[in-house]
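**Q** Let the hints inform the model, and build the full structure from the sequences given.
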Amino acid sequence: MSHVSVNFDRSGFYQDWNVVFPIDRLRELVQEKIIGSVAGFHYSFMGADDPMRWEHQARQLAGLLKKDKVDAVLLIPV
Numbered sequence: 008m009s010h011v012s013v014n015f016d017r018s019g020f021y022q023d024w025n026v027v028f029p030i031d032r033l034r035e036l037v038q039e040k041i042i043g044s045v046a047g048f049h050y051s052f053m054g055a056d057d058p059m060r061w062e063h064q065a066r067q068l069a070g071l072l073k074k075d076k077v078d079a080v081l082l083i084p085v
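Add 7 to the 1-based position in the sequence shown for this note's numbering, that's all there is to it.
Hints in this document: simulated from the structure, not taken from any laboratory. Don't take each hint at face value.
Mimicking DSBU-like on lysine-lysine, the simulated pairs with C-alpha atoms at most 30 angstroms apart in a straight line are [to be verified]:
(1) 76 <-> 40
(2) 74 <-> 40
(3) 40 <-> 73
**A** What follows is the structure in structure tokens.
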């Protein structure tokens, strides 16, 4: 998390990374057999941009997710 604003509150994810990247919670769901698996690769985007400029990257990412047989994604705005 590298937002440059001093007003951006980082305390939540400093205390628990799962607030912004719930990898431990997902692994627990796998252990409990609630979900089948967690993907081996994870992606993050800096959103301070015009989303209309992201179509090319979105298509590339969609191809990677299809190749990895990903069924669902979590979109976590921070």
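**Q** Would the pair residue 74 and residue 40 pass a check requiring their Cα atoms to be no farther apart than 30 angstroms?
**A** 23 angstroms, holds
**Q** Check the hint pairing residue 76 with residue 40 against an upper bound of 30 angstroms on the C-alpha distance.
**A** 18 angstroms, holds
**Q** Has the given pair, residue 40 with residue 73, been kept, meaning a C-alpha gap of at most 30 angstroms?
**A** 22 angstroms, holds
Comparing the model with each earlier hint shows no violations; every hint is respected.
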